[in-house]
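Taking the hints into account, I'd like the entire structure generated from these sequences.
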Amino acid sequence: MDTPETSAASAPKPIDIIRAGMRRRKAAEMRFKLYGIVAITCGLLFLAILFVTIIGNAYTAFAQTKINLDFYLDPAVFSADAAPSAEDLSSADYGAIVRDGIRSLFPEVESRGDVRALSALVGRGAVYDLRETVMAAPDLVGKTLTLWVPADDDVDMLMKGHIERSGPEDQRRLSDNQLGWIDQLQADGRLEKRFNTDFFTKGDSREPESAGIWGAVVGSFYTLLVTLLLSFPLGVAAAVYLEEFAPQNRWTDIIEVNINNLAAVPSIVFGLLGLAVFINFFGLPRSVPLVGGLVLTLMTLPTIIIASRAALKSVPPSIREAALGVGASPLQTVTMHVLPLAMPGMLTGTIIGMAQALGESAPLLMIGMVAFIVDIPQGVFDPAAVLPVQIFLWADSPERAFVERTSAAILVLLCFLIAMNAFAVLLRKRFERRW
Amino acid sequence: MNTGDTQKPPPDSRGRSAGEVRRTTVPREHRETVGEVRVENPRIRCTDVNVWYGETHAVHNISIDVGHNEILALIGPSGCGKTTFLRCMNRMNDTIAGCRVEGEILVDGANVNGPEIDVVPLRARMGMVFQKPNPFPKSIFENVAFGPRIHGLTANQLELEEIVVTSLQKAGLWEEVKDRLEEPGTGLSGGQQQRLCIARAIAVQPEVILMDEPCSALDPIATATIENLMVDLSQNYSICIVTHSMQQAARVSQRTAFFHLGDLIEVGETSELFIRPGHQLTEDYITGRFG
Chain Z
30 MDTPETSAAS
40 APKPIDIIRA
50 GMRRRKAAEM
60 RFKLYGIVAI
70 TCGLLFLAIL
80 FVTIIGNAYT
90 AFAQTKINLD
100 FYLDPAVFSA
110 DAAPSAEDLS
120 SADYGAIVRD
130 GIRSLFPEVE
140 SRGDVRALSA
150 LVGRGAVYDL
160 RETVMAAPDL
170 VGKTLTLWVP
180 ADDDVDMLMK
190 GHIERSGPED
200 QRRLSDNQLG
210 WIDQLQADGR
220 LEKRFNTDFF
230 TKGDSREPES
240 AGIWGAVVGS
250 FYTLLVTLLL
260 SFPLGVAAAV
270 YLEEFAPQNR
280 WTDIIEVNIN
290 NLAAVPSIVF
300 GLLGLAVFIN
310 FFGLPRSVPL
320 VGGLVLTLMT
330 LPTIIIASRA
340 ALKSVPPSIR
350 EAALGVGASP
360 LQTVTMHVLP
370 LAMPGMLTGT
380 IIGMAQALGE
390 SAPLLMIGMV
400 AFIVDIPQGV
410 FDPAAVLPVQ
420 IFLWADSPER
430 AFVERTSAAI
440 LVLLCFLIAM
450 NAFAVLLRKR
460 FERRW
Chain L
236 MNTGDTQKPP
246 PDSRGRSAGE
256 VRRTTVPREH
266 RETVGEVRVE
276 NPRIRCTDVN
286 VWYGETHAVH
296 NISIDVGHNE
306 ILALIGPSGC
316 GKTTFLRCMN
326 RMNDTIAGCR
336 VEGEILVDGA
346 NVNGPEIDVV
356 PLRARMGMVF
366 QKPNPFPKSI
376 FENVAFGPRI
386 HGLTANQLEL
396 EEIVVTSLQK
406 AGLWEEVKDR
416 LEEPGTGLSG
426 GQQQRLCIAR
436 AIAVQPEVIL
446 MDEPCSALDP
456 IATATIENLM
466 VDLSQNYSIC
476 IVTHSMQQAA
486 RVSQRTAFFH
496 LGDLIEVGET
506 SELFIRPGHQ
516 LTEDYITGRF
526 G
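Chains Z and L, in that order, are what the protein sequence lines are.
If you read the first sequence in the numbering used here, its first letter stands for residue 30, the second for the next number, and so on.
If you read the second sequence in the numbering used here, its first letter stands for residue 236, the second for the next number, and so on.
Any given hint might turn out to be false.
To be verified - Facing chain Z, a subset of chain L residues (Cβ under 10 Å, in silico):
(1) 332
(2) 360
(3) 361
(4) 378
(5) 506
(6) 510
To be verified - Which stretches of chain Z does chain L cover? Using the computed rule of at least three CB atoms under 8 Å from a CB of chain L, they are:
(7) 49-63
(8) 359-372
Unchecked claim - No more than 20 Å apart at the CA atoms, straight line, and that leaves these computed lysine to aspartate or glutamate pairs for EDC-like:
(9) L:373 - L:417
(10) Z:342 - Z:404
(11) Z:172 - Z:117
(12) L:373 - Z:99
(13) Z:222 - Z:99
(14) L:367 - L:275
(15) Z:172 - Z:103
(16) L:373 - Z:461
(17) Z:231 - Z:217
(18) Z:342 - L:329
(19) L:405 - L:462
(20) L:367 - Z:350
Read the hints as simulated data drawn from the structure, not as lab findings.
Since the model is a prediction, treat every value here as computed from it, not as a measurement.
All residues carry an ideal CB built from backbone N, CA and C; glycine is no exception.
Shown next as structure tokens:
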């Protein structure tokens, strides 16, 4: 009689055992949540530090110190005759005009060395700006032209507070005389910081004050255009063939393993391949977006193929059966039903691949896209730089003014990447269908 | 003793797929079919059809006829090879890797497995309705118009619209969807979707309709609608239907075939087979002793 009762009392009920364990389980869950929150907070913190540093360095690059000068366009400088030809306009000695422009403000400066120090306050870009203006409007010759031209990068750095005024004169970038002239220009309202349009419209330059990002943006655009035009159709077609048509045997297995491995090959290896094949074997020119695009195509193809195959796999087989069941041929089934359903995934994969290609510099170094190129490329056969390589080049330059430009270029690159990823999300949302 | 009890397959937990027929551990003698498998003037004549999935012998030596304007019901426990056999008739098993079909299936005298047969026109002749409604994620109109369009059956948009309308009418769906042909087919209810799939199948004007458990995902009212539809359609088409519901087989079919573990055990007039089964297994199955 007692035995069952005592055993029932001594042996705890299952519900009690469960209750006793609940505290431990809940604690484990709380711990896991905490780890997650800590990890995300750390991540966000580092992201914030990154952005604060870059933006903090970069924002000054969007303003450039400019000098307002009056240039007398002496007809004698252009040609001996009355009407200067186009060639006269382009080959005239604009350096002298600029020099005279700044000298006219300080007539007391006489000695040769002082004159050189004075004209050094004006950036080299002033010559080009002046020539451009005159070339666009030849009837200005003989008149006085007032123009805001970029100041030298040392002046710019002084204005932005990156150069110290104190200290021994021979250890400073700017002499006492120059500081005096700068102060006077500033007092006259002829020196001020203005929005740096040159940064967004010009190509690279040795002089920081006239170095711009536009050449690299256009170069990146052409390179990515080639990459997109080649890798998207090739990648999608390869994925469709492998997923929908190829027989499942040892060969397709080997191909699949190889594609997966290619996605993990260091990108510089593709650069070496491009150098050996496209440039040395096929004799394509160096430094051009065409070769860059071809190399990046090799690099992004595996990514696109893998993403496209995953997208095709996710299309329910019932859709294929339905189409085959009414007598659609395999190709009709794929093009009319499977591909449209897989397209969002394929596009996402492609844009992620493109974003990867946009940020890639190592393989492009191998094919000579690291060259110093001033001109804006006009097509895929013109030598060009790309954004990441431009950042690398500027980061490598000694002038203090390139520091802020490097950060500004990074900002531009990040903006493009964010825009591309946002576009990928948008496309996905738009084309996504339910079934 | 009764072989059926010992060889009952385990319950199907994964749903239907290529591997519907399970590996049978004990090799068995082939079992002769009870009843008359042949009919006069058949639409489809199957002789000694065998199917293998890799090493698994899923369907054994099946011979059966489908007559004109007749509904033939295939019944049997899960994993007995009904669906596999049905899919042989329009060669849908081609899409399954490792599946091998042997034997002769004559549709109007032409062997579907013959080298001269192209599967595209074959499948256009043999419409198929699947277990799970699978409309395309497109508009109702596009769902029905797809078949006629890819086969080039219509010369212009007007004819195409006419086919769509008549197909929807035949499928008994027209009244419900006539005002919303541009809405997605996937937005319909389950029963409507299945009728849309039937409309899609008959829009190609097939000669035979193969139905693989068309009502298994539907409620009784939708099921009744589709059963009535099958009876109507059988005036113009031969229909071969796989079903798990013996009541459904009894209600709609003229002839019934009972499958068990890949063998065709018994074929007979539906009224005969359900009242006086000729084989012990059939009797056990229809009286609910297993399956």
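Results for each hint:
Among the interface hints, the one on residue 332 of chain L holds; its C-beta lies about 5 Å from the nearest C-beta in chain Z, closer than the 10 Å criterion. A distance limit of 10 Å between C-beta atoms decides the matter here; for residue 360 of chain L the minimum to chain Z is near 8 Å, and the interface restraint holds. Satisfaction of the interface hint for residue 361 of chain L is found here, the shortest Cβ-Cβ separation to chain Z being roughly 9 Å, below the 10 Å cut-off. Below 10 Å, beta-carbon pairs count as interface contacts, and residue 378 of chain L has one with chain Z at about 9 Å; its hint therefore holds.
The interface hint given for residue 506 of chain L is broken, as the beta carbon of that residue sits about 31 Å from the closest beta carbon of chain Z, more than 10 Å. At its closest, the beta carbon of residue 510 of chain L sits 35 Å from a beta carbon of chain Z; the interface hint therefore is violated under the 10 Å criterion. With 0 residues having a beta carbon nearer than 8 Å to a beta carbon of chain L, the segment 49-63 of chain Z misses the requirement of three or more and the stated coverage is violated. Evaluation of the coverage hint for the segment 359-372 of chain Z: fulfilled, as 4 residues show C-beta separations to chain L shorter than 8 Å, against a requirement of three.
Annotation: proposed proximity of residue 373 of chain L to residue 417 of chain L holds, straight-line Cα distance about 8 Å (limit 20 Å). Under the criterion of a C-alpha separation no larger than 20 Å, the hint pairing residue 342 of chain Z with residue 404 of chain Z is inconsistent with the structure, at around 46 Å. Using a Cα cut-off of 20 Å, the hinted pair residue 172 of chain Z and residue 117 of chain Z holds, with the two alpha carbons roughly 17 Å apart. In summary, the hint linking residue 373 of chain L to residue 99 of chain Z is not supported, as the alpha carbons are separated by about 69 Å, beyond the 20 Å threshold.
Distance hint between residue 222 of chain Z and residue 99 of chain Z is fulfilled; the C-alpha atoms sit about 18 Å from each other, no more than 20 Å. Between residue 367 of chain L and residue 275 of chain L, the direct Cα distance comes to roughly 33 Å. Violation of the 20 Å bound is thereby established for this hinted pair. Among the hinted pairs, residue 172 of chain Z with residue 103 of chain Z is consistent with the structure: their alpha-carbon atoms are about 8 Å apart, no more than 20 Å. Restraint check for residue 373 of chain L and residue 461 of chain Z: satisfied, since their Cα atoms lie roughly 12 Å apart, inside the 20 Å limit.
This hinted pair does not check out: residue 231 of chain Z and residue 217 of chain Z have alpha carbons roughly 29 Å apart, beyond 20 Å. With a C-alpha separation of about 18 Å, the suggested pairing of residue 342 of chain Z with residue 329 of chain L holds against the 20 Å cut-off. Restraint check for residue 405 of chain L and residue 462 of chain L: the C-alpha separation of about 13 Å stays at or below 20 Å, so the hint holds. At roughly 11 Å between alpha-carbon atoms, residue 367 of chain L and residue 350 of chain Z fall within 20 Å of each other, so this suggested pair holds.
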